[in-house]
Amino acid sequence: MTQADSEHAYRGQDYEELAPLFVEFADLDNEDRRRAELRDKLVTAHLPIAQHIARRFSNRGESQEDLIQVATLGLINAVDRFDPQRGVDFLSYAVPTIMGEVRRHFRDTGWTVRVPRRLQERHLSISSAISTLSQELGRAPVPSEIAEHLGISRDEVHQGLEAGNAYRSSSLDELLSDTDEIPLGDAIGSPDAELDEVENREAIRPLLHELGERERRIVVLRFFKSMTQTQIAEQIGISQMHVSRLLARTLSWLRERLEVEAPPEPVTDT
Amino acid sequence: MSASHPDRNRASPEDAAQHIESAEAGDESRVVEVRVAAAATQLPVMRAVAGDLAMRADFDVDTIADLRLAVDEACSSLVRLAAERSQLLGRFRTEDDRLEFTAEVTSTDPSGPRKNTFSWRVLGALTDTVASSVQESDSRDDGHVVRIELSKGRMVHE
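Sequences listed follow chains A and B, in order.
Under the numbering used here, think of the first position of the first sequence as 2, with each following residue one higher.
Under the numbering used here, think of the first position of the second sequence as 325, with each following residue one higher.
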């Protein structure tokens, strides 16, 4: 199964026949024993979706068990809150609900290593100094300029920049951007045409499509459109340090996935 | 002849010796060497050194971040090619206006990193120059020293 397929794998399964149960479930009184029974049945039947979503976020520092638990919680919430009268199918409602739950989980555990509050704050002030200075200078600032701007030492700037790299690279709100958060300036979203000369494009393409829209866009802008991180930050509306983290994580994720799915081919002389 | 660039096609022990000598004969304070096990778990070390040197050279924040990414990408490629239990050697050289990085591993595969890959494209986009080379290993009969050399200069702003 390719990644592109897996994206839609749970769509292909026959959850349709569960739809009438939701109607019945929604009409039942909270005290009704039939309701608890139906709830169990609906949650259990949709578990593969939660597991699938949890799997999508593996390799990002959280244990698989934790992720599945969090995703299952999201699924239960989705079952409880789904209103079949609203004319959308359960999957369309459940997938974002489960993702939201996982995203919150990551957001609540922000830094990969314990970074003192003071350093976190310095990291934030440096991040905004970079953005201010980039605007003023029309280019990315150097550490000494940041130090001068903030009235702190260069060592302190170095520490703050380093701390930025310790910020959890898998914070989910960075990882999977909601479609409605994307500034839709131009239609750069698909790197397909750009990949024509890349030998392993058949392996890369589905992976790029699996990325969040924002990550895909950053990859295209940086590696195919030669924009700098500062320029990308400005275009997307996030900080340069954030772009930097997203790129680092995306590249590392792509490497991991390529390794799993396309082990090095035997060498042939061509 | 430029001793700092070893002959990429024809490698003899003399060339290798000359190369090392030239690195040592220069301003040693500009060279940092890091030797770690050729394993993905060791890459944060290389990345951190790259970032630190680039920060201390007062490169702009884009260049600092790109160098970290490039060193990570280059070393990851090499680690995949590395023979079991071999080491990854990283050599950083800070010039006034640029950082040069050479990484090498010993591999049983003489073909070196493939060029028309996504990874190589990424490396090219992140750096000013990138090249790879393969030499016979002096120390292992079935070994080949696979190298990736890259460099990136500070942005010039008028």
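Hints are computed from structural coordinates only; laboratory data are not their basis.
Built from N, CA and C at the ideal position, the CB exists for glycine as well.
There's no promise every hint is true.
To be clear about the criterion: a stretch of chain B counts as covered by chain A if any three or more of its residues have a C-beta under 8 Å from a C-beta of chain A, and this derived list gives those stretches [as the list claims (entries may be wrong)]:
#1 354-361
#2 407-419
#3 433-447
With beta-carbon atoms standing in for the labels, derived distance ranges [said to hold, decoys possible]:
#4 A:Gln136 with B:Ser435: 19 to 25 Å
#5 A:Arg140 with B:Thr453: 58 to 64 Å
#6 B:Glu352 with A:Gly238: 53 to 59 Å
#7 B:Arg354 with A:Arg119: 29 to 35 Å
Residues on chain B that point at chain A, a partial pick, calculated with CB under 8 Å [claimed, not checked]:
#8 Asp382
#9 Phe383
#10 Glu397
#11 Ser475
#12 Met479
Structure-based check of each hint:
1. Counting residues of the segment 354-361 of chain B whose CB lies closer than 8 Å to any CB of chain A gives 0, so the stated coverage by that chain is violated, three being the minimum.
2. Figure legend: the segment 407-419 of chain B, annotated as covered by chain A; annotation inconsistent (0 residues with Cβ-Cβ distances under 8 Å, at least 3 required).
3. Residues of the segment 433-447 of chain B with a Cβ under 8 Å from some Cβ of chain A number 9, which satisfies the need for three, so the listed coverage holds.
4. For Gln136 (chain A) and Ser435 (chain B), the Cβ-Cβ distance of about 47 Å falls outside the hinted range of 19 to 25 Å, so the restraint is violated.
5. Look at Arg140 (chain A) against Thr453 (chain B): about 21 Å separates their beta carbons, and that is not inside 58 to 64 Å.
6. The hinted window of 53 to 59 Å between Glu352 (chain B) and Gly238 (chain A) is violated, with their beta carbons roughly 45 Å apart.
7. With their beta carbons about 33 Å apart, Arg354 (chain B) and Arg119 (chain A) fall inside the hinted range of 29 to 35 Å.
8. Hint status for Asp382 (chain B): holds, given a least beta-carbon distance of 5 Å to chain A, under 8 Å.
9. Because the beta carbon of Phe383 (chain B) sits about 6 Å from the nearest beta carbon in chain A, less than 8 Å, this interface hint is met.
10. The beta carbon of Glu397 (chain B) comes within 6 Å of a beta carbon in chain A, closer than 8 Å, and the hint placing it at the interface holds.
11. With a cut of 8 Å, the hint placing Ser475 (chain B) at the interface with chain A is violated, because the nearest CB-to-CB distance is about 17 Å.
12. Nearest Cβ of chain A to the Cβ of Met479 (chain B): about 7 Å, under the 8 Å cut. The hint holds.
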